[in-house]
Amino acid sequence: MVWILKAFILIFIVFYCALMAATIVDVKRDWKENFGWQITCSWRLYSNDSLQSVKLYHKADQFMIYRPEKDGTQRTEIFPVYGDLLQVDCLESAEKGIVGKCLLNLELYHAQMEDMQYSCEVSGEGPFFRIDRKEIVLPALIPPSPAVINVLEEHSTGRANLNCSSTGVPAPRLTWTISDQREPQTFSSRYWNMTSKLWHAWSILMYTSSQDQFLKVVCTPEVSVSNKSYTGLAKEYNSANSIGKLILSILYYISLIRLLECITNA
Numbered sequence: 232m233v234w235i236l237k238a239f240i241l242i243f244i245v246f247y248c249a250l251m252a253a254t255i256v257d258v259k260r261d262w263k264e265n266f267g268w269q270i271t272c273s274w275r276l277y278s279n280d281s282l283q284s285v286k287l288y289h290k291a292d293q294f295m296i297y298r299p300e301k302d303g304t305q306r307t308e309i310f311p312v313y314g315d316l317l318q319v320d321c322l323e324s325a326e327k328g329i330v331g332k333c334l335l336n337l338e339l340y341h342a343q344m345e346d347m348q349y350s351c352e353v354s355g356e357g358p359f360f361r362i363d364r365k366e367i368v369l370p371a372l373i374p375p376s377p378a379v380i381n382v383l384e385e386h387s388t389g390r391a392n393l394n395c396s397s398t399g400v401p402a403p404r405l406t407w408t409i410s411d412q413r414e415p416q417t418f419s420s421r422y423w424n425m426t427s428k429l430w431h432a433w434s435i436l437m438y439t440s441s442q443d444q445f446l447k448v449v450c451t452p453e454v455s456v457s458n459k460s461y462t463g464l465a466k467e468y469n470s471a472n473s474i475g476k477l478i479l480s481i482l483y484y485i486s487l488i489r490l491l492e493c494i495t496n497a
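Count along the sequence shown from 1, add 231, and you get the number used in the working numbering.
No false leads were mixed into what you were given.
Straight line, CA to CA, 27 Å or less: simulated DSS-like cross-link-like pairs of lysine-lysine:
{"id": "1", "residue 1": "LYS327", "residue 2": "LYS259"}
{"id": "2", "residue 1": "LYS263", "residue 2": "LYS466"}
{"id": "3", "residue 1": "LYS301", "residue 2": "LYS327"}
{"id": "4", "residue 1": "LYS290", "residue 2": "LYS301"}
{"id": "5", "residue 1": "LYS286", "residue 2": "LYS327"}
{"id": "6", "residue 1": "LYS263", "residue 2": "LYS365"}
{"id": "7", "residue 1": "LYS286", "residue 2": "LYS332"}
{"id": "8", "residue 1": "LYS327", "residue 2": "LYS365"}
{"id": "9", "residue 1": "LYS286", "residue 2": "LYS263"}
{"id": "10", "residue 1": "LYS459", "residue 2": "LYS365"}
{"id": "11", "residue 1": "LYS459", "residue 2": "LYS290"}
I should point out that these hints are in silico values taken from the structure, not numbers from a laboratory.
Could you build the full structure based on these sequences and the hints that come with them?
This is the structure we're talking about:
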């Protein structure tokens, strides 16, 4: 009889724990190009439960509560957040709210300077009121885009003006190297783009190489957050290829001029 009682108690504990942990909440984030952040809070309740409420928090402050009993199967609200705009759409996708999700779309109108924290708390109905809560951080970090080098000016003497650019959050730092040796930039700047919601950084390098000294110039983008660096794809400019193209262009035009002279004298 003792073992039967122990088995019954064990089954009861397992069953009770399963009931108490039956509310499952999942929160994820996505960076949306030319928009900002999207947070998805999805939930699944125990099969015989029903949704009591969904509470949304920014940091420690609750800013919205969704109650199916009051709001029906869906609710949409728009909130200003420090000059940005947050639209929340909560929707049940199964009877009694057993399955559903809230979408939080945060459109940025200012450069994000620090991390942002949001929380989603989902509660089932009584008598158990099974609750689960998950938090997520929107980091002030978008890794730098691959570097792009544009040739602003180029001469057969070996003098070249190059412009390197990259985007990210925070503003990428652009580093020039010539033949693996770090080179100081001539000029640089940055600005936050309202359309892309990213920092755009650019840097100009002016240098001269002799005709017999073909150099490999590399621009590398990098952002640093909390003493951790994130490096983007570097871009290489080879003066040998560039000078070679320039010489071919000159030879082409010389040949074209001579051909015209021959046609004129014929």
